[in-house]
Amino acid sequence: MLIADDHASFRRLARRLLEAAGYSVVGEASDGASTLAAVTELRPDVVLLDVLLPDASGFAVADRIATEPEHPVVLLTSSRTATDYGAALDGRLFLAKSELTPDRIEAALAEVA
Amino acid sequence: MTATTVELAEASGEDWLVRTRLRWVLLGAGLMAGALAGLAPYLSSREIPVSDYADKTGIVIAAHVAVGMSFVLVGILAWSLRPENRVGVLMTAVGLAYFMTDLGWISTPATFVVADEWRGVFYGFLFWLLLAFPSGRLASRADRIFVVVFFVYLALIRPFPSTAFYDPELEGPFDAPGNPLLVRGDPELNATVDGWLSAVDAALIVTLFVLVVRHWRRAGRYARRALTPVFAVACVGVAVALVGVLIGLKSQVSLLNWGVQLTLLLLPVGFLVGLIRSRLARASVADLVVRLQTAHDPEPIRTALARALGDPALEVGYWLPASGTFVDADGGVLEVPPAKPERAATVVRGAEEPVAVLIHDTALAEEPELVDAVAATARLALENQRLHTELRAQLDEVRASRARIVAAGDAERRRLERDLHDGAQQRLLALGLALQLARAELPEGTASADELLADAEQELQEALHELRELARGIHPAILTDGGLAPALRTLAERAPIPVSVRATDRRLPPAVETASYFIVSEALANVVKHARASRASVAVTADGNQVVVEVEDDGVGGADVARGSGLRGLQDRVHALGGRLLVKSKPGTGTSVRAELPCA
Chain W
1 MLIADDHASF
11 RRLARRLLEA
21 AGYSVVGEAS
31 DGASTLAAVT
41 ELRPDVVLLD
51 VLLPDASGFA
61 VADRIATEPE
71 HPVVLLTSSR
81 TATDYGAALD
91 GRLFLAKSEL
101 TPDRIEAALA
111 EVA
Chain S
1 MTATTVELAE
11 ASGEDWLVRT
21 RLRWVLLGAG
31 LMAGALAGLA
41 PYLSSREIPV
51 SDYADKTGIV
61 IAAHVAVGMS
71 FVLVGILAWS
81 LRPENRVGVL
91 MTAVGLAYFM
101 TDLGWISTPA
111 TFVVADEWRG
121 VFYGFLFWLL
131 LAFPSGRLAS
141 RADRIFVVVF
151 FVYLALIRPF
161 PSTAFYDPEL
171 EGPFDAPGNP
181 LLVRGDPELN
191 ATVDGWLSAV
201 DAALIVTLFV
211 LVVRHWRRAG
221 RYARRALTPV
231 FAVACVGVAV
241 ALVGVLIGLK
251 SQVSLLNWGV
261 QLTLLLLPVG
271 FLVGLIRSRL
281 ARASVADLVV
291 RLQTAHDPEP
301 IRTALARALG
311 DPALEVGYWL
321 PASGTFVDAD
331 GGVLEVPPAK
341 PERAATVVRG
351 AEEPVAVLIH
361 DTALAEEPEL
371 VDAVAATARL
381 ALENQRLHTE
391 LRAQLDEVRA
401 SRARIVAAGD
411 AERRRLERDL
421 HDGAQQRLLA
431 LGLALQLARA
441 ELPEGTASAD
451 ELLADAEQEL
461 QEALHELREL
471 ARGIHPAILT
481 DGGLAPALRT
491 LAERAPIPVS
501 VRATDRRLPP
511 AVETASYFIV
521 SEALANVVKH
531 ARASRASVAV
541 TADGNQVVVE
551 VEDDGVGGAD
561 VARGSGLRGL
571 QDRVHALGGR
581 LLVKSKPGTG
591 TSVRAELPCA
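First to last, the sequence lines map onto chains W and S.
Residue numbers for the first sequence follow this note's numbering, so the first one is 1 and each next one is one higher.
Residue numbers for the second sequence follow this note's numbering, so the first one is 1 and each next one is one higher.
Excised from the complex, chain W in its bound form (with noise of 0.2 Å):
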């Protein structure tokens, strides 16, 4: 898994809560650019991607990322709620941080395996 957020203490806990979950962490951005760069190097299977980076949208590195081959699963994370969103998350995976529990995560991503 790979973690996409420009919050450092974010991103630390994080990783501890979703490794203690069984998950493993391959490796974490701060913005778009650096998203993309690590999603080609380190492949992951899934980006836990804020919607809010320094350099871009959450949203446009998705439709990125999206364009790869074999492209990792993206789960697209705010301190927003998905209220604030509207139909923008049509079609997309979206968890609030303040519902990111390993449970969360997991019946989130059982919606596309």
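None of these hints come from the bench; they were simulated from the model.
Given the structure is predicted, the values throughout are model-derived calculations rather than measurements.
Where a beta carbon is used, it is the ideal one built from N, C-alpha and C, also for glycine.
The hints are all genuine.
Which chain W residues face chain S? A few, computed with CB under 8 Å, are given here: (1) Phe-10; (2) Arg-16; (3) Leu-17.
Since the structure of chain W is already known, use the hints to place chain S on it.
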């Protein structure tokens, strides 16, 4: 490219009296000269010569008197019409000088010589008049030099050489009283000298012709209106005179002489028509007074002034003391003096400061009296309009200031929401994850600690929820990211009653999107709080340059903008954007809130 200032001068009553008396004196002198010119040939002891160009002596004398009197009478008339203009005086002088030749009927050597040799002074005044019409002033240095040189030539050079060799006893008329300036009677030498001087005459007439053409080319549109009839006659006259000089006036060319006489007779008529045309332009001022009585807006005033000045492209600028500029009716700054070389500016001044500026055709600089009269007539209307324009400018500034305040408030809201999102929310989220991890790592048998951590997580979630709601209320992120339609749909989804949304998907200016969102948000909040409605509808349409936001419900009605601070706040926001808010809410018929917002 000139800027002039209107200053009205009034002739003193004493000047007026002196001028009036002088006119009467000159009129008397003219009438007397005309009468003498008509009667002298019959009363004189000298024999009436056989005319070169008419069989009937009476007709010749009548034509002669008519030419002189027409100049005198039209001159007096012109002087009365335009006392400050020298044209009338010059015309009268031309007429009186024309009768100088009639001194020859007085049978003395002195009067004979004066009449025969200085009658050319008539042409001096005539040419002066031609160059000075219609302003009465010799505008250029070349004109002034020409007139001075011409008078010196006529007074000192032209008469003496030929007079010195002219003996009437040899050349006739044989009843002449004699030439007191005779040096030696020599018809052949006299003819030779006269030939040389005729060449000088021709050169001077050609120079006059050049100056006249230059005068015409430099004249503005308004000056040409006056000049046209004069120059039309004068050009014919100059051409005829030139031909006459070249072939010799003393030859028996009766047709040519009649042409000269006719031209001289018509010339005062040309001056009179020119003055009347000039007078007609001044008459437009009277028309302006009438038009200004019903002109209360900038455009009718501009149109009335444009008509009075005969310049359809006239621009009127009003003085704004605050900015020290002249602005048009729409608030656009006018450059003074104007950049275009064919436009000139006339500043209309009040008691202490400028009132307005008229940007007009430079041709009107030739009609300062007309421009001054028009400006003076319109001064009150212009001052009134200037105050309106100043007020409008202040209102525009207040409106723009309100819009800027609203825009700054909206920007601050967006920044605040973003700060909450990036700061407090992120820290609370990290805290939530830390609590999760702490709970997961609690050893077995610590149920109490687990419970405490669970409570802390719950509190944290509620704090996050409240913070999120607060941020959303300050400025909804979806509005910035997704636009008005998704933001309104989100708003509708969170409402406790069914709300239908029909909104344009077009992205609108941020200020309009924000205003529209908060109008709907406030209206729906009122529906929920006060209307007891079962349903509501939201419609946002963008049509042309206007966005219309409508929120309707089927509740109890009775909403009042004056009583509700929320609706009043919306009204202020809508007004700040230059729009209007309409609320219909009769008791029992539901409420309709309609906002119309300009959207460029």
